[in-house]
Structures are given as structure tokens and as C-alpha cells.
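**Q** Whenever a hint applies, use it, and build me the whole structure from the sequences.
Residue numbers (my numbering): 2 to 335.
Keep in mind that a hint or two might mislead.
What the hints assert, rightly or not - Have a look at the derived ranges for each label pair, beta carbon to beta carbon:
(1) Glu-274 <-> Pro-19: 16 to 24 Å
(2) Pro-194 <-> Arg-154: 41 to 49 Å
(3) Pro-19 <-> Arg-154: 15 to 23 Å
(4) Phe-155 <-> Gly-77: 18 to 26 Å
As the list claims (entries may be wrong) - Taking lysine-lysine pairs in the DSSO-like style, the calculated list, with each CA pair at most 27 Å apart, reads:
(5) Lys-195 <-> Lys-180
(6) Lys-123 <-> Lys-195
(7) Lys-97 <-> Lys-123
(8) Lys-178 <-> Lys-123
(9) Lys-180 <-> Lys-123
(10) Lys-178 <-> Lys-195
(11) Lys-233 <-> Lys-195
I should point out that these hints are in silico values taken from the structure, not numbers from a laboratory. Since the model is a prediction, treat every value here as computed from it, not as a measurement. For glycine and all other residues, C-beta sits at the position ideal for the given N, C-alpha and C.
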Amino acid sequence: MAAAVATQPHNLPLLVTPETCRARTYIVTGANTGLGLEAARHLVRLGSATVIMAVRDPSSGPRALADIESSTGISGVAQVWELDLSSYASVIAFVKRATEELDRIDAVIENAGVASGERIMKEGHLLTITVNVISTILLGVLLLPKLKESGERFGILPHLVIVTSRVSFDFGEDWMKIKDDPIVNSNLEEMTPKAYPLSKLLEIMAIRHLTGLLPLQQTGVVINLVCPGLCKTDLSRSVPPGLRERIAKQKEQYGRTAEDGSRTLLYGAVAGEESHGCLLESCTIAEYVQIVATFCYYADTLTKEFNTELGNRLGRQEIAEDCLGRYCSGAGND
Numbered sequence: 002m003a004a005a006v007a008t009q010p011h012n013l014p015l016l017v018t019p020e021t022c023r024a025r026t027y028i029v030t031g032a033n034t035g036l037g038l039e040a041a042r043h044l045v046r047l048g049s050a051t052v053i054m055a056v057r058d059p060s061s062g063p064r065a066l067a068d069i070e071s072s073t074g075i076s077g078v079a080q081v082w083e084l085d086l087s088s089y090a091s092v093i094a095f096v097k098r099a100t101e102e103l104d105r106i107d108a109v110i111e112n113a114g115v116a117s118g119e120r121i122m123k124e125g126h127l128l129t130i131t132v133n134v135i136s137t138i139l140l141g142v143l144l145l146p147k148l149k150e151s152g153e154r155f156g157i158l159p160h161l162v163i164v165t166s167r168v169s170f171d172f173g174e175d176w177m178k179i180k181d182d183p184i185v186n187s188n189l190e191e192m193t194p195k196a197y198p199l200s201k202l203l204e205i206m207a208i209r210h211l212t213g214l215l216p217l218q219q220t221g222v223v224i225n226l227v228c229p230g231l232c233k234t235d236l237s238r239s240v241p242p243g244l245r246e247r248i249a250k251q252k253e254q255y256g257r258t259a260e261d262g263s264r265t266l267l268y269g270a271v272a273g274e275e276s277h278g279c280l281l282e283s284c285t286i287a288e289y290v291q292i293v294a295t296f297c298y299y300a301d302t303l304t305k306e307f308n309t310e311l312g313n314r315l316g317r318q319e320i321a322e323d324c325l326g327r328y329c330s331g332a333g334n335d
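**A** Spelled out as C-alpha cells, the structure:
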């Protein structure tokens with residue numbers, strides 16, 4: 002990863018335009034800071050009709066909203082909605098609101114994530130796993146029917162963009178300790194300091210498998226993954242001090258600005274059909290490294306775990322037991 006960071010390009014192209022934004026509705030999670038904030042700012046500035054800024058802490062939203070409106074001179078476009086990915090109930094409430102209140106959704110940019118070195122448990126799993134993997138996949142799957150409907154009604158190519166990280170490629174030999182039951186085994190004590198790279202690996206595996214189940218010809222929705230590279234944001238604020246210092250030095254030497262990094266997210270939201278199921282880096286389609294291709298052999302096991310986890314926990318909220326199966330079918334069928 003270090004070599005890739007040291008050579009990552011800067012001054013990336015901005016591939017969203019007034020034409021790709023006009024009359025369109027975008028959802029950006031984690032939009033109160035960093036890459037999400039800058040992506041939302043571009044979308045507002047370029048003339049989007051509606052930009053939903055999904056934030057965990059409602060108190061941080063008004064400040065971010067005021068920042069965007071002040072810098073763009075445009076008000077009434079961005080809206081702050083609460084979305085706490087550490088809570089399945091919050092995810093479901095957000096999807097219900099989006100489905101009922103938004104006439105269309107052109108793209109969902111799932112940027113929100115955490116990198117915590119602490120053993121904090123949410124919904125029965127490490128916070129990092131719940132937020133970065135389970136709830137991220139849940140949100141995307143539940144919004145797929147609305148994205149599909151928007152594509153059909155308005156003759157557009159909707160996008161679901163998952164922001165991931167090349168750090169997933171560093172998980173390595175630890176995979177053998179958890180491979181038979183990765184979601185459950187991610188709770189092992191020894192996995193706590195490795196939760197972030199593990200979460201990004203599981204995220205990539207899940208999305209690659211999901212896009213295999215949901216080909217573009219079936220849903221009309223492009224689903225892709227974006228690696229924004231090392232950026233000067235506060236994502237690493239909760240990692241152990243020693244690691245945080247090393248990351249800070251790398252950021253100082255090689256890091257992209259948050260604005261530059263946001264351009265990778267926006268590329269994902271307008272990339273062509275050929276990007277479906279692909280990993281995008283530096284505003285181009287990248288190749289998966291062999292480690293991810295190898296681990297994806299276990300994707301069926303991972304999908305079954307998602308079904309069990311989400312079905313069992315959300316059954317009380319009237320979500321079908323085979324949660325992924327149900328919503329994949331809903332997105333894929335006419």
C-alpha cells in the first residue's frame with residue numbers, strides 16, 4: 002500500500018458537470034466532513050436539484066450545510082438528514098424516508114465509515130464492522146429498488162457507489178483465522194486493531210458478489226467501488242496513537258486534499274456501464290489485486306452470514322429472513 006500511496010496522482014479530473022447534475026437527486030453519506038462534504042459541495046455548485054447530506058450526528062449537519070451554502074451561494078438544494086450506520090433501525094428509517102419523500106434518486110454515494118481501534122460493539126459486532134460492512138450493504142440493498150425505479154421512470158443510469166480502501170489488501174494471512182465465518186469471527190479480540198482493513202476487505206467481497214447476483218442488464222443500476230486514496234481527512238482520528246502519527250506523516254508527504262479525493266467519489270457516480278462491479282481508483286477503472294480475487298472464493302459464505310445477521314436481527318422490524326435475497330429480487334425483477 003505504501004508504494005501505491007507514494008505514487009498516487011493529484012489534481013484529478015472533475016467528471017461531474019452541470020449536465021450530469023441538472024434536475025438530479027444525490028445522496029451522500031458522511032457528508033458533514035472530509036470527502037463527503039466536498040462531494041456534496043461540488044454537486045450543489047454544479048446545479049443538482051437535491052443533495053441529501055446524510056450525517057450521523059444531526060448537530061454537525063447545520064454547520065456543514067452553512068459551509069456549502071456560503072461557499073456556493075446556493076441555498077435550498079442541500080438537505081441534512083440523520084443516518085446512524087451503527088443502528089440498523091436508523092438505516093431502515095432513512096431508507097423509508099428517502100423512498101417516500103424523494104421523487105427520484107440518481108446516485109447514492111456511500112462514503113460514511115469509521116476506523117476505530119477501540120473495542121466498541123454495536124448491533125452485536127465491532128463498530129467498524131457494523132458501520133463499514135453490514136449497514137453499508139444494508140443501506141445499498143434497501144435503496145436499490147428506488148434506484149431501479151428512478152432509472153426506469155426518468156431514463157437515466159442510476160449509480161450505487163461504495164467507498165472502500167486499498168488498505169483492505171493488507172489484511173493478508175489473518176484471513177485464515179476467520180474465513181469460515183468472517184462476520185462472526187470478526188468479533189475475536191485479536192481482530193479489534195485490524196477491524197478497519199478487515200471491514201474494507203469484507204465490503205469489497207460483498208459488493209463483488211452482489212454485482213454478480215445483480216447484473217446491470219437486470220437492474221439498470223451501476224454498482225461500483227471507489228478507492229479515494231490517502232486523503233487529508235480526519236478518518237484516522239480514532240486509530241491508536243502510533244499508527245495515527247505514521248498516517249499523519251504519509252498524509253503530509255503524499256496525501257490528497259479532501260477536495261481532490263472527492264473527485265474519485267464523483268467519478269463513481271457518473272462512470273459508465275463498464276464500471277459495474279469494478280474497483281475505481283484515481284478516476285479510472287483499476288484491477289483487483291490477487292488477494293481480493295482469492296478471498297472472493299468465500300463470498301457465498303459471507304452472503305449467507307449477511308442473510309442470517311440481517312434477517313434475524315431485523316425480523317422484528319418486518320424485514321424478511323432472507324434480507325439480501327428479498328431485496329436483490331425486488332431490485333432485479335420487473
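**Q** Against the structure, test the hints numbered earlier, and report the numbers of the ones violated in rising order.
**A** Per hint list: zero violations.
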